[in-house]
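Add chain B to chain C, keeping to what the hints say.
Protein chains: 2
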Amino acid sequence: MRISELSAHAGIPVPTIKYYLREGLLPEGERSAPTQAAYGEAHVERLRVIRALIAAGVSIAETRRVIGALDAPHESAHALLGAAHSAITPAPDGSLDLSAASGVVEGLGWKPGMCDEAVLHEVARALRGLESAGFEVPAATMPVYLKSIRDIADAEIAGVPTESAEAAVRYVVLGSVLVEPLLLALRRVAQQVASAERFGRQQE
Amino acid sequence: MRISELSAHAGIPVPTIKYYLREGLLPEGERSAPTQAAYGEAHVERLRVIRALIAAGVSIAETRRVIGALDAPHESAHALLGAAHSAITPAPDGSLDLSAASGVVEGLGWKPGMCDEAVLHEVARALRGLESAGFEVPAATMPVYLKSIRDIADAEIAGVPTESAEAAVRYVVLGSVLVEPLLLALRRVAQQVASAERFGRQQE
Chain C
1 MRISELSAHA GIPVPTIKYY LREGLLPEGE RSAPTQAAYG EAHVERLRVI
51 RALIAAGVSI AETRRVIGAL DAPHESAHAL LGAAHSAITP APDGSLDLSA
101 ASGVVEGLGW KPGMCDEAVL HEVARALRGL ESAGFEVPAA TMPVYLKSIR
151 DIADAEIAGV PTESAEAAVR YVVLGSVLVE PLLLALRRVA QQVASAERFG
201 RQQE
Chain B
1 MRISELSAHA GIPVPTIKYY LREGLLPEGE RSAPTQAAYG EAHVERLRVI
51 RALIAAGVSI AETRRVIGAL DAPHESAHAL LGAAHSAITP APDGSLDLSA
101 ASGVVEGLGW KPGMCDEAVL HEVARALRGL ESAGFEVPAA TMPVYLKSIR
151 DIADAEIAGV PTESAEAAVR YVVLGSVLVE PLLLALRRVA QQVASAERFG
201 RQQE
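Chains C and B, in that order, are what the protein sequence lines are.
Going by the UniProt record's numbering, the first residue of the first sequence is number 1, and it counts up by one from there.
Going by the UniProt record's numbering, the first residue of the second sequence is number 1, and it counts up by one from there.
Worth flagging that the hints you see were computed from the coordinates, not collected in a lab.
Careful, some of the hints might be misleading.
Because identical chains share one entry, a pair is satisfied inside a single copy or across any pair of copies.
Said to hold, decoys possible - Derived pair list, reagent style EDC-like, types lysine to aspartate or glutamate, alpha-carbon separation capped at 20 Å:
| hint | residue 1 | residue 2 |
| --- | --- | --- |
| 1 | K147 | E197 |
| 2 | K111 | E62 |
| 3 | K18 | D97 |
| 4 | K147 | E106 |
| 5 | K111 | E5 |
Quick caveat: nothing in here was measured; it's all calculated off a predicted structure.
Chain C with its partners taken away, still in its complex shape (with noise of 0.2 Å):
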C-alpha cells in the first residue's frame, strides 16, 4: 500500500509517519518508483508498536533503541531482556557508589555479574535520589518490596513463550517497557485502597 493508504489504516497522518520515517523508527517501504514507496503489514504492526511506547511516556530516542532490540538478531531470550532493559536504562554512572545497591539487590537473589551494570546504576540511582531527599524506606518496608517485585519478576519470566523467537521478543521487549505505567498506576490504587481502609475514606 502507498503512505495514504498506510496512513488511513493505521489512523496516523501521514506527516507523522513521515517523521517516524525520518527518526529511523519505522523502515522504509519498498521503492516501488522513484517518488514512491510500498508498506505492509509489517509496517501497520510497527505503527502500533511505535505509538503504545510513545504513549507509554518512552522518548522518541529509547523508542529508536527498543526497536533496535526488536530488530536485533538475538541469542537467548536472556541476551534479549538485557538489550530491552539497556535501550531503557540510561548509561552507567561512574558516580554512583554500587555498594549499598549491590546490598539490597541481593534481597533479590542477585549475586556479582548476575545482571548490567546499567541496571545496577539504575537501583543505585534510585536510592540516591531517596537519600538526597532525606526520605528513608523503613526497614521493615524494603524486604516487603524485595520479596514483591521478585514475585513479579518471576510470573513474568516464567511466562516468556518458547513457541517462537518472535513471539519471545515482543513478550520480553515490550512487556518490560509497556508493563511499567501499569504496575505503577496499579500501586497507587492500591495505596488509597489500603489508606482508606487505615485512615478511613474522607469527603474531600
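Frame of chain C; chain B shown alone:
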C-alpha cells in the same frame, strides 16, 4: 542567610535557586532590605526535596504540585495521599473506558468510590497502552501483579508515621513519588536474575 550563602550551603548555583524562586518551587526569603532577602534552614531542606524530585524525573510543573501538597493544610493522611497522587497523575481522560480497569483493580480490594478518578484513569490508560501494542499480560501473571502490589501498598501504608503531621506529609508525598524509580529498577534487576536462573547466563 543570604542567597549566596544558601547557594554555598546547599551546593546549588545562585541562578538555579533564582529559577526555582521564579517557578514558585521555593518560597521567597524574608525581605531584609529592598534588594535582599534572608533564607533559613527550611529553604535548605526544601532545596533538597526539589533536587530529589527533579532527579527522579518529575517535571517542574509536577514538582510545583508535589511541593504544593507538602505545603497545603491537610485534614488526614488519606486526603494527603490523594493530593500527592493528583500532583503526579495526569487529569482524567474522558475517552477512556473504565470498565476493564475497574475489573482489574477489584483484585486489589478496590470498591467504587474508594480512590480518586484520576488514579483509576491511569490504570485504564496503562491497559490501553498494552492493548494498542497488541500486548497481553498472561492470565497467570495478572493475579501475581495484584497480590504483590497490594502487599507493597499495605506495607507502605502501615509505615505512615503518625507521631507528627509533618512526618506523615513527607512520608506520603515523597514515598509515593520517589519510590517509583526504585521499584522499577528493582524489577529490572529481578527480571535479569530470574531470567539468568531460567535461561542461564550467557556471555554477551
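Alpha-carbon proximity between K111 and E62, which holds within one copy, between copies, both or neither at 20 Å: neither (28 Å within a copy, 37 Å between copies)
Homomeric proximity label, K18 with D97: Cα distance no greater than 20 Å: So K18 and D97 fail the 20 Å test inside a copy (43 Å) and across (31 Å) alike.
K147 and E106: within-copy, between-copy, both or neither at 20 Å Cα: within (11 Å within a copy, 22 Å between copies)
Alpha-carbon proximity context of K147 and E197, limit 20 Å: between (23 Å within a copy, 16 Å between copies)
K111 and E5: within-copy, between-copy, both or neither at 20 Å Cα: Result: close neither inside a copy nor across copies, 52 Å intra and 45 Å inter.
Comparing the model with each earlier hint shows violations of hints 2, 3, 5; every other hint is respected.
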